[in-house]
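K.L.:
Sequence:
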Amino acid sequence: MALQQIDHADDHMQECIDNCLEAAQVCEWCADACADEDGMARCIRLCRDVADIASLHARFMARNSGYHEELGEICADLCEECAEECEQHDHDHCQACAEILPECAESCREMASA
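Under the working numbering, the sequence shown is numbered contiguously, ending at residue 674.
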């Protein structure tokens, strides 16, 4: 965790922020590595989408935006779709995404329903 604790973030929100930042990082890695592979356009697009939305969701939560719940639902949907795509590929970077993204999706859904 980069910060000790954001004042308004409870444990669930802090965990979601951490999960979103980890998802963004692994998806950036995956998208970059997939760029060297043929037939990986869908994986690249989804990973880039997740990286963008997950980092945005983390920032919305950090600043206590009134829109973080709605963004959390979108982030969860994208994480699930990307994980499904990545688990179809044997590359280490894709498997890392498939492992990390479901946890991010779960914590984002919890934040969306809070």
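These are calculated hints, taken from the structure and not from any lab test. Misleading hints may appear alongside valid ones.
[Claimed, not checked] Per label pair, the in silico range of CB-to-CB distance:
| # | residue 1 | residue 2 | range |
| --- | --- | --- | --- |
| 1 | Ser625 | Ala595 | 27 to 33 Å |
| 2 | Glu630 | Gln655 | 27 to 33 Å |
| 3 | Glu582 | Gln648 | 20 to 26 Å |
| 4 | Glu666 | Gly626 | 39 to 45 Å |
Built from N, CA and C at the ideal position, the CB exists for glycine as well.
K.L.:
Now tell me, hint by hint, if it's right for this structure.
P.N.:
Evaluated hints:
no. : hint                        : result
1   : Ser625 / Ala595: 27 to 33 Å : holds (32 Å)
2   : Glu630 / Gln655: 27 to 33 Å : holds (30 Å)
3   : Glu582 / Gln648: 20 to 26 Å : holds (21 Å)
4   : Glu666 / Gly626: 39 to 45 Å : violated (22 Å)
Going through the hint list in order, the structure does not satisfy hint 4, though it satisfies all others.
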